[in-house]
Each structure stands twice: as structure tokens, then as C-alpha cells.
Amino acid sequence: MDKFTTLTGIAAPMPLVNIDTDMIIPKQFLKTIQRSGLGKNLFDEMRYDRKGNEIPDFVLNQPAYRDAEIIVAGDNFGCGSSREHAPWALKDFGIKCVISTSFADIFFNNCFKNGILPVVLPAEAVNYLMDDAAKGANARLTVNLEEQTVTASDGQSFPFEVDAFKKHCLMNGLDDIGLSLEKVSAIDTYEERAKTQFPWL
Amino acid sequence: MTAPKTLYDKIWDAHVVDQADDGTCLLYIDRHLVHEVTSPQAFEGLRMANRKVRAPEKTIAVPDHNVPTTLGRENPDQMPEESRIQVAALDKNAKDFGIHYYPVTDVRQGIVHIVGPEQGWTLPGMTVVCGDSHTATHGAFGSLAHGIGTSEVEHVLATQTLIQKKSKNMKVEITGKLKPGVTAKDITLAVIGATGTAGGTGYVIEYCGEAIRDLSMEGRMTVCNMAIEGGARAGLIAPDEKTFEYVKGRPHAPKGAAFEAALSYWKTLFTDEGAHFDKVVTLKGEEIEPVVTWGTSPEDVLPISALVPAASDFTGGKVGAAQRSLDYMGLTPGMKLTDVKIDAVFIGSCTNGRIEDLRAAAAVLKGRKIADGVRCMVVPGSGLVRAQAEEEGLAQIFTDAGAEWRMAGCSMCLAMNPDQLAEEERCASTSNRNFEGRQGYKGRTHLMSPAMAAAAAVTGHLTDVRELTTETV
Ligand code: SF4
Numbered sequence: 001m002d003k004f005t006t007l008t009g010i011a012a013p014m015p016l017v018n019i020d021t022d023m024i025i026p027k028q029f030l031k032t033i034q035r036s037g038l039g040k041n042l043f044d045e046m047r048y049d050r051k052g053n054e055i056p057d058f059v060l061n062q063p064a065y066r067d068a069e070i071i072v073a074g075d076n077f078g079c080g081s082s083r084e085h086a087p088w089a090l091k092d093f094g095i096k097c098v099i100s101t102s103f104a105d106i107f108f109n110n111c112f113k114n115g116i117l118p119v120v121l122p123a124e125a126v127n128y129l130m131d132d133a134a135k136g137a138n139a140r141l142t143v144n145l146e147e148q149t150v151t152a153s154d155g156q157s158f159p160f161e162v163d164a165f166k167k168h169c170l171m172n173g174l175d176d177i178g179l180s181l182e183k184v185s186a187i188d189t190y191e192e193r194a195k196t197q198f199p200w201l
Numbered sequence: 001m002t003a004p005k006t007l008y009d010k011i012w013d014a015h016v017v018d019q020a021d022d023g024t025c026l027l028y029i030d031r032h033l034v035h036e037v038t039s040p041q042a043f044e045g046l047r048m049a050n051r052k053v054r055a056p057e058k059t060i061a062v063p064d065h066n067v068p069t070t071l072g073r074e075n076p077d078q079m080p081e082e083s084r085i086q087v088a089a090l091d092k093n094a095k096d097f098g099i100h101y102y103p104v105t106d107v108r109q110g111i112v113h114i115v116g117p118e119q120g121w122t123l124p125g126m127t128v129v130c131g132d133s134h135t136a137t138h139g140a141f142g143s144l145a146h147g148i149g150t151s152e153v154e155h156v157l158a159t160q161t162l163i164q165k166k167s168k169n170m171k172v173e174i175t176g177k178l179k180p181g182v183t184a185k186d187i188t189l190a191v192i193g194a195t196g197t198a199g200g201t202g203y204v205i206e207y208c209g210e211a212i213r214d215l216s217m218e219g220r221m222t223v224c225n226m227a228i229e230g231g232a233r234a235g236l237i238a239p240d241e242k243t244f245e246y247v248k249g250r251p252h253a254p255k256g257a258a259f260e261a262a263l264s265y266w267k268t269l270f271t272d273e274g275a276h277f278d279k280v281v282t283l284k285g286e287e288i289e290p291v292v293t294w295g296t297s298p299e300d301v302l303p304i305s306a307l308v309p310a311a312s313d314f315t316g317g318k319v320g321a322a323q324r325s326l327d328y329m330g331l332t333p334g335m336k337l338t339d340v341k342i343d344a345v346f347i348g349s350c351t352n353g354r355i356e357d358l359r360a361a362a363a364v365l366k367g368r369k370i371a372d373g374v375r376c377m378v379v380p381g382s383g384l385v386r387a388q389a390e391e392e393g394l395a396q397i398f399t400d401a402g403a404e405w406r407m408a409g410c411s412m413c414l415a416m417n418p419d420q421l422a423e424e425e426r427c428a429s430t431s432n433r434n435f436e437g438r439q440g441y442k443g444r445t446h447l448m449s450p451a452m453a454a455a456a457a458v459t460g461h462l463t464d465v466r467e468l469t470t471e472t473v
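Going down the list, the protein sequences come from chains B and P.
Under my numbering, the letters of the first sequence match residues 1 to 201, in that order.
Under my numbering, the letters of the second sequence match residues 1 to 473, in that order.
Calculated from the structure, these hints are not laboratory results.
The hints are all genuine.
Cut-off 27 Å, straight-line C-alpha distance, at most; resulting in silico cross-link-like pairs (BS3-like, lysine-lysine):
| # | chain 1 | residue 1 | chain 2 | residue 2 |
| --- | --- | --- | --- | --- |
| 1 | B | Lys183 | P | Lys58 |
| 2 | B | Lys195 | P | Lys166 |
| 3 | P | Lys442 | B | Lys40 |
| 4 | P | Lys165 | B | Lys91 |
| 5 | B | Lys167 | P | Lys168 |
Facing chain P, from chain B, some residues (calculated, C-beta under 8 Å):
| # | residue |
| --- | --- |
| 6 | Lys27 |
| 7 | Ile33 |
| 8 | Glu45 |
| 9 | Gly74 |
| 10 | Leu181 |
| 11 | Tyr190 |
Just the calculated beta-carbon pair ranges, DEER-fashion:
| # | chain 1 | residue 1 | chain 2 | residue 2 | range |
| --- | --- | --- | --- | --- | --- |
| 12 | B | Thr196 | P | Asp22 | 29 to 35 Å |
| 13 | B | Thr196 | P | Thr315 | 53 to 59 Å |
| 14 | P | Asp22 | B | Glu124 | 25 to 31 Å |
| 15 | B | Asp2 | P | Pro76 | 33 to 39 Å |
| 16 | P | Lys279 | B | Gln197 | 30 to 36 Å |
| 17 | B | Arg193 | P | Arg84 | 39 to 45 Å |
| 18 | P | Gly274 | B | Arg193 | 26 to 32 Å |
| 19 | P | Glu390 | B | Arg193 | 44 to 50 Å |
It should be emphasised that the depicted structure is a prediction, and the values quoted were computed from it without experimental measurement.
Virtual Cβ for every residue (Gly too), placed ideally from N, Cα, C.
Only chain P is shown next, with the shape it has when bound in the complex:
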């Protein structure tokens, strides 16, 4: 009998190409996703060294960060010069090196972490990398997914491997059932609130427990997406029937006998009884409330019923950081979070730009209007999500409510494109980072679930969605 292994151990072991005496490994990479911002220097490096892409058939590129999300965006005049150059560089690199590509004009274009799973590029048991920290998203399929830097992008392009040392194993268990109105986003924010943004540093997290099992694939992607905000190298969820069902029939998923062969392997991808975890965190699902962030770090999480904290509520270096956050966010300690007025709402991103997220937002917005003075932007994560939302009538609900219905892209998640907050504008956002300036210079971000963001859009202030009645759409 071999020693019991965690899911991470199993995937890791299956991909080791070479191991040095000090434990440094060359890890084989099954899927490499590429976007326009972190790749130009890597392709340039290949050209300079006269190297090829080792496995172009395993490499997929899509522009997402820079692209405008307005209609008619194929017109290059809509893009600022520098963005246009970056997207054009990806067009050219994809063509020159012969990799799969979804250009802006392709209906399948979207945020790289939404396109990968949607097209069946992401499969259980794989190693997936992308020059983007939210690559952790793909861990929802039980694939080991790392965000990497540009030098590593170049390394993977040239060698189809990554130099890595194994991380430690961390288990995050969410027991029991979630209360109504509580979502995957609340779980993942609550975990970061509990562990801090460095709580996962050095670890790969496996999320498990009844509340995780109960989530749809979309919800699981939301949870894993933010593993990086907790500092972890990756987040994983063991694949199960829901995973297999989701994968089956996707354009690049195996078919027929190949699918059956894959399936029997995928069914071995779980943590063995008695396997060792170096760190364990357990939260009770029924105790998780709908949450929002108040500060400028994703760990600044509080239930919506709470009050804005004071810097003196913290210790150590966090006292200064909390004061800086309060000043930046323009909040007064002791005020109710539900009294915080907002100017903008952003529903989208690789965290919450999938169909289920749009359904949750639409359920709140149906038959309602966006509050006066609030602008609300709904940005689907891919062209296909957009098409589906239109088919299901969600787009109509958004526009009837007075929201802007956009084309797919990263949009206001990072404001590298024209979608940005103005100075001191306050936004209820379904994205993943509330850092200073993330959504625009001096813009103020409160992170939350799509349902909570939609509720804020309707009332004009942060709101407990459970106080609004919703119908299923």
C-alpha cells in the first residue's frame, strides 16, 4: 500500500518530469492559457533566442484585459493606441507561433478563465497555467492551476514545463448548508476574512465539505478564483458527477471512448482517507452571512450587518494599513455598512461573470429600477455567456432596469480599458480585488456577490439582499 495522498499530491506526482535532489521539480504543463498583457515580452524572448512554442496545440490565447466592452469595438479606433498595439501583438504572436486563438471578433472570446472551461480546454487532473493570478479558477475542475509571471510564460512556451517546488497541503472545509441568499462569493470572501491575504502563502488549498459539494461548477469556480487572494498558489476541488457533466460535450473535451477512459481516471482524483494536510481551516456553512469588503485588501471582509471598523480594532502592521484603507475609502468607523452609498455597480469578471452569476443578479433586478444617480454595468464573461443571457431574457431584465449590457471582457475589474471609476466614485463590485486604484484612480471598491451588487444597484447603498424579495428568472 502506498501512503494516502491528497488530491494535490496525486496531480503533482502525475506531472513530475524531473526532480533534483533539493526537491526542485520540472512539472509538465497540460494547458497554457495566454492573454495580451503578460505575454508580449515572453514571445519576444522566444524570437530573440530563436525558440519555438514546444506544444502549440496545448496553448490557447485570447485578448481580454484591454479590450473595450462597448458594441462596435472591433473598430480599432475604439481602443487607445497602446491597447491596440498590445492586442495586435497577440494577434500576430498567435498566428506566428500557431496557437489556438479567439480574437475579439469571435463570439467565443471572453475572459481567459471563462473561455478555458467553457471550451473544454480545462479538464480534471490537468496542470493549467496562465500569466494571470486568477488561473486558480480552473482548480474547480480538480486541475492544478497556477498563475505565473511572464518569464515563466516564456519558460512554458519553450519547454511545456514549469520549474516548481511542491507547496504544502491546506484543507479548507465548509461544513453544512448555506443559508438562503448566501453564495459561493460569500464563502470565498469569508475564508479570506478568516485566514488573511497571506494565510494560504506556501500552500495549495483543497476546498471540501458539504457546502462546497452543493455548489454548481460556476460556484466552485468563484470559490477557487479567489484562492490567490488568500495567498495560496492554487485552489482545488475534487471532481465529481457535476464536474463530469459540465465537461461532457464541450468542444475540446474528449469524446466517446476517450471520454470513458478519461472518466475512469478522473474518478481516482480525490484525497485518500487519512492523507496529511499541513493546515486545516473549517468554517460552518450555516454561519456564513452575505459579506462585503470595507477596505482595500480582500481580507477586509465583514457581514453586511456589521459596522465599519476602526483602525484601533486591529493589531500590528494592520493598524496603519486599516487607517490608510479607511481614509482611502472615505469611511467613518462605527457607521453601518448598509448606510454606505454607492455610485456605481459592476457585475462581471472571471470571479462572477458566468451565466449563473447573471441569473442571480437578474433575479434581484427583475421588475426593478437601478437607483437614481447610480450607473450599473453588466459585463458577461464571454461572448457565449452573453448570447445565453440574451436567450434567457436576462439581458432584457438588465436593460429594463437601466443597466448597461456590455460585450465580454475584463472591463472594470481592472480598468485597463475604458471602463473605469472616476476619483472617489464608490462601486459595488463582483470582481476580486479592492486594491487602491484597481477600478480607476482613487476609485473605491466594495467586493460582494452578484445578488448583493444587484441589491445595492436598486437601493443605492450597500444592502442585505435578503431584505429584497426575489423571484427566479
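Looking at chain B on its own, in the form it has when it is part of the complex:
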């Protein structure tokens, strides 16, 4: 997995609340059996018309935001289905960080597995960064995972919380499965115990 340490990049403002995973990557793109290649269909139904032409108003189609690496979003980003295709599509497009007041649980977890940092900040901070992002490509945010801060283009900085284990994995690009397999003897012990405790399973 890619490491995430610090990132300075263009942030795209998406103030809509409840942006769901069907919006992030509509179901017709879930038929792939690969992880890559979904970036072109990120936000597909908001981004393109029925003929496949770009909708100029959509934020990621505007010249200033085509290379965005950060999204500042309205409340409850990523609600809906468990599809990991949502972070895969974000990642493939080039988004490495999403900032919101809240995230849906499964989406939030899925981000960490894919080198994307979801940052939760209070509403005032998100609004501030949303305004900053709305300034266009000149406004670049800096996200520092080590120090747990997001800094706006004017230098205003906001601290955020992140789970210590998730931070560790993200900063070092660690693979969860490898880590868990180091605990295989604990799993063996559990299974032995369960055999007597829950013999019907």
C-alpha cells in the first residue's frame, strides 16, 4: 500500500451533504474484477452527461480542479454501500485525502486500506477549508499526518484526531493482512478454545 505522510495539493470543494457511494462510483462500474482503472468514472453521473460529455459545472471538470488531490465535502461523506470501488475510484483519479465533518463507517475504514486519509474536522474548520478550496487552484491545502494538521492556503491550521493504529499503518504503508498473520498463534488458540466453548459452530 502507498504511504501517506504529508500532502500539499489542490482541494476541490463539494459542499453537498450525504454524498453516497452510488454517486462516487455508480453500480455499472462495479462489474470489474480489478482494482484499477475506475478514476475515469469517479462521480460518473455528476461528471458526464448521458452521451459521455463532461458537464462543465461539475467541480472536477473545472480547469482549476482537474488535478485535485483533496476533496472538502459536506457531512456524512461516503454513506451507502460497502463497495471499495469508491476509494479505488478516488485513488485512481488522484484523490489522496477527503475532509468532512463526518464519514460513513465502512467507507471510512476502506479509505485507510487504500492509502487515502479521511480527515474529520468540526463544521467551522470544514467551512473554512471549503471557502479556501473554492478559491481555485491557487489555494492549496497541506495535510500533515505526522503532526495531524490541515493547513489552509493562508496558513490557518486545524488539528485533527486519527486512530493511532490506522495512522501507523498509513504512514508506513503497511498491509493489514501481513500484520494480522503475525498473530496467527493467537488465532489458533482462539479456535481451540472455541471448539470446546461453541462446539456447534
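For chain B, the structure is supplied; the task is to place chain P with the ligand on it using the hints.
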């Protein structure tokens, strides 16, 4: 004396394999359900790392999202190329890794969340995961059921564990009795209407109260199914006699002495007196009305007697979202919900594709006809539900009324298969998500109970089912 525990605490504690200092746990997984859409990349990951499935006997796979629901669908020509590849990948992965499998040709095939309980794979006190957010359904048995992403699917396949931090406890109590015509679907939608789609974020919900106890297992599954729409990681209902009765005799449920041993453990699965909940929501059962959704979020819930709201009725970020929903749904504020005309009806999904749901729909459709210009699709949740409905004469009622009687699958719940709405078509649907484009590009979804959907099918507009007389079927 140990401190009183919630049901969630008990199941959690029984499955902790390892706990780090910061509270991150390795949680043992008793049952892993797999479907074709969220698993191919996970199996591919195993192959690339040369890993095996740790516990194939605890892993069950079934294709459901992509499969056509038309007769003769075993013919691969009926599937678009990409769907065919995805289903073929599951066929192959199930075989290569030696996991239980119900292929499209098997009568037991169906929606993963219907097949699991039906076959007795889901038991009280278990941990159940699936790469699908509606895994919460299995919580109806008092099992802790999480939806997970594909990386986590791979993690569970390889280790039979999940890395988790414990959620907070939330209690949702529905007191009293439901009024006639009000169902489990109305309860679960009403709860989301009250708490919002993020109201449960960070929590595991335990549903309790007289109205929940009174529900059948089917109804309880409907309630838990939508816990995720309220943002919760899982929904739970403590098991009781109804649960044990439902489980007993299922193909993969324990038998004989093993059943008795299991039963004595299952009877300990309840929230202790005085256990702590971090959040409590209480609704009065008798105040819940038959509801429908008007917008594009499951929290956009109103009683059927209400009027379409205006964006200005909301505050904050919801003002913009409500306006967007109204535009998308093509609704005018102030119009009666019962005046909203529909083009299509979908009865099915893991929320409402069980036998009881089909009985409720059939009770309304019996002796009636689907309104002119409306197409109605009835899709059983599994091949066995389909067979039972045929045996009970429900299928005949549906076809007599002019509805399409389909094969089992997810169908129009998510329109990844040929069953889709056309642009701006409006659907009365028993599924669980009314997101933009969920049932087809620019399709418009109103969520409701099977009885309400059947009532809409008959009148051609959203309808209070209590205004139609029904007979038991
Ligand atoms: S019926 Fe709908 S919600 Fe349920 S598993 Fe299938 S697609 Fe998901």
C-alpha cells in the same frame, strides 16, 4: 459480579482474539458470506500473495447482484459480458478455494442475506461478515453482523478475523403495539427518519421493545437490514423463542445435543439489567404510520398522509440537498404524497424479499389488477422463497394481477442487472436505497413496505394501504 453488559458487549467479548493497548482488536469471524461483486479482487489478492482461505468451511458464496431474474437465465447469453465474467470468477474462486457455493442453477440460490438465514448459516451469538453493507440483516438473530469492504473480505478470507475497534452502544426502543397496516419496514424507515442517515454512525444499535418482540423473524430482518441506512455499524435484536424456532431444523443449524448446547448459550444473549447505552432513541409503536420516502436519502421519510416538503423546511447543508432531491425526484413542494403517480413497482430485495413480504403484497393484490401503465415486478429473495410462494398460491395471485413473477436475485434493488428503471421513471420500491440512479440512471425511487408498494401498484399512485380492504392469503 461483573458489570452488566449489553448484548453487543457479550458477543464482542466472546470473539476477541487479541487486543492492542489502544483498543484495536482482532475479532474472530464465525461466518463469512461472499457475493460476486465485492470479492474478485480479494481472491486475486490471495492468489498473488500465495495465501489460502483459512476456514473454507465457514465461508459461503452465492451470486446475486448481477444475475438476471428472468426464466432461462442459466443461459450465459442472457448476461452482459462483464456480469458473466464476474459470476464466472465467483464460480471459479468458490471451486479453487473450496468454499460452500450456491450457483445460479441451484434452487437455494438467492440474495446472500436471505440465503444465509434460510440455510441456517446464521445463528445467534455469531459474528457474521459480508462484503455488503446490508449484512446488518443477520443481526435479527442476535448475531453481530458487519458489512465490510473488499480489503477486509481478503483479510477475513486469509485470517478469519477482522481488525476492529469497538463501537458505542445505542438502544432503539419501539414501545407498544403497531397499528394495523403498519409493518417492520415502517418501523425501520421511521427510525431513520427520526435519527438521520448519520444518527447511528459509530454505534451498534440494539432494537428492543414490545413492537420489536412482536415482529416475526422476517420482520426483524427487515428492521436490522436498514440499520446501515441509519449509519450504524450493525443492528441487533436479542434472540428469543421465535429465533430458536426459526433456526431449528435448518440445514446448517446444529442438531440434537449440539442444538441443546447451543440453545443454553443462546439464552444468555440479552442485555443485562442496568447495562449502559451511550445513546437511546425511543419511538412509540402506536404513533408510527405507514411511511414512504420522498427524496434521495433514506432519511427523507414522511407518513403517507403528509405533503411533499419544501427545501426551506430544512436547515444547514440539508437545504441544498433537499432542493437537489426535489428536482431529481420531480416533485413540487406542497403536493400530497398520495397524488404522486408511479410507473413501476418493485417488490423484493434483501429488505423485503422473504415469504412474509410476498404474502403481504399478495394480500393486497388478490382479486385486483395492476393499474394501467404500471409495471410491477415481484422478485423472491431466494429460489426457496420462490418455490414456497408458488406452493402457497401467491405466484398465481401476482400473475393474475398482471405482475411479473421473477427468479431470485437483487434485481432492481440496484439495477446492476437487466432490471432497471428508465430515465425519470418513478418506482414504488420495497428496497432500501433511494439514492440518485440506484434503480437506473435518473430513475426515481420511493421506499415503502410491500403492502404499500402493492397498494400503489393497484391505484397507480402512492397510496395509504389502509384505504384498500385486504384479505389474508
Ligand atoms: S438486494 Fe439490494 S441491498 Fe440487498 S444485497 Fe442485493 S443489492 Fe444489496
